Amino acid sequence: QIMQVIYRTDTSFTETASGTMRIFAWTRDLLSLVNLGCYGFRSFSSKLILHSVGPVFVFVAYLVVWGASQLVGRCYPSLKMEGNRTANCFFSMILAFFTGIADTTFTVFKCIRSPNGKYSLVSDRSILCYEEEWNWLLA
Numbered sequence: 169q170i171m172q173v174i175y176r177t178d179t180s181f182t183e184t185a186s187g188t189m190r191i192f193a194w195t196r197d198l199l200s201l202v203n204l205g206c207y208g209f210r211s212f213s214s215k216l217i218l219h220s221v222g223p224v225f226v227f228v229a230y231l232v233v234w235g236a237s238q239l240v241g242r243c244y245p246s247l248k249m250e251g252n253r254t255a256n257c258f259f260s261m262i263l264a265f266f267t268g269i270a271d272t273t274f275t276v277f278k279c280i281r282s283p284n285g286k287y288s289l290v291s292d293r294s295i296l297c298y299e300e301e302w303n304w305l306l307a
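At position 130 of the sequence shown (counting the first as 1) the number is 298 in the working numbering, and the numbers step up by one without a gap.
Heads up, some of the hints might be wrong.
Stated by the list, open to error - Simulated restraints on C-beta separations:
(1) 285 with 261: 38 to 46 Å
(2) 187 with 237: 39 to 47 Å
(3) 306 with 267: 16 to 24 Å
(4) 293 with 264: 27 to 35 Å
(5) 278 with 247: 42 to 50 Å
(6) 277 with 237: 37 to 45 Å
(7) 282 with 236: 48 to 56 Å
(8) 283 with 255: 43 to 51 Å
(9) 266 with 238: 22 to 30 Å
(10) 253 with 183: 43 to 51 Å
(11) 227 with 307: 19 to 27 Å
(12) 300 with 253: 46 to 54 Å
Calculated directly from the structure, the hints in this document are not laboratory data. Note that the structure is a prediction, hence the values are computed from the model and not measured. Positions of the beta carbon are idealized from the N, C-alpha and C atoms, including for glycine.
Let the sequences and hints guide you as you build the complete structure.
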């Protein structure tokens, strides 16, 4: 994850270093394994929102699995999941992907000067910083 964050900085790398860092690109963004355009997420803002609520989806999945285990545990007590261990697994996963989550959080604030003198987002050069669309992303 850290390698991918470094790769996305405004720095030039050798071809070998760039190739090595591209191999690990999926670790910063697990959704890059799926073509989001096929599911209707084509714009930068919709992808950013999906990335932002990703941990919430994972939390809901943990709650559903834990709740189902509690129901099944009434008939088969050995299958009942312990709440503390389930929470530990969830937060361990959040900790493992913290770099990617934090990087996504600050994506909106990473601006670079364009040749026209204005600032644009590093992730999507079509969005001008401090303009209407950029302000909408902050909301």
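Starting from the hint 39 to 47 Å, judge whether the C-beta atoms of residue 187 and residue 237 obey it.
43 Å, holds
Quick check: does the Cβ-Cβ distance between residue 306 and residue 267 fall within 16 to 24 Å?
Holds, since residue 306 and residue 267 (Cβ atoms, about 22 Å apart) stay within the stated range.
Hint check for residue 183 and residue 253 - Cβ pair distance inside 43 to 51 Å
Since residue 253 and residue 183 have Cβ atoms about 46 Å apart, the given range 43 to 51 Å holds.
Using the Cβ atoms, figure out if residue 282 sits within 48 to 56 Å of residue 236.
Holds, since residue 282 and residue 236 (Cβ atoms, about 51 Å apart) stay within the stated range.
With respect to the beta-carbon atoms only, verify the hint that residue 278 and residue 247 lie 42 to 50 Å apart.
46 Å, holds
Looking only at beta-carbon atoms, does the pair residue 283, residue 255 fall within the given range of 43 to 51 Å?
50 Å, holds
Measuring from beta carbon to beta carbon, are residue 277 and residue 237 in 37 to 45 Å?
40 Å, holds
Distance restraint hint 19 to 27 Å, applied to the beta-carbon atoms of residue 227 and residue 307
Holds, since residue 227 and residue 307 (Cβ atoms, about 22 Å apart) stay within the stated range.
Satisfaction of the hinted span 38 to 46 Å by the C-beta atoms belonging to residue 285 and residue 261:
43 Å, holds
Could you see if the CB distance from residue 293 to residue 264 stays within 27 to 35 Å?
31 Å, holds
Taking 22 to 30 Å as the hint, is the beta-carbon distance of residue 266 and residue 238 inside that range?
28 Å, holds
State, for the Cβ atoms of residue 300 and residue 253, whether the hinted interval 46 to 54 Å holds or is violated.
47 Å, holds
Of the numbered hints listed earlier, not one is contradicted by the structure.
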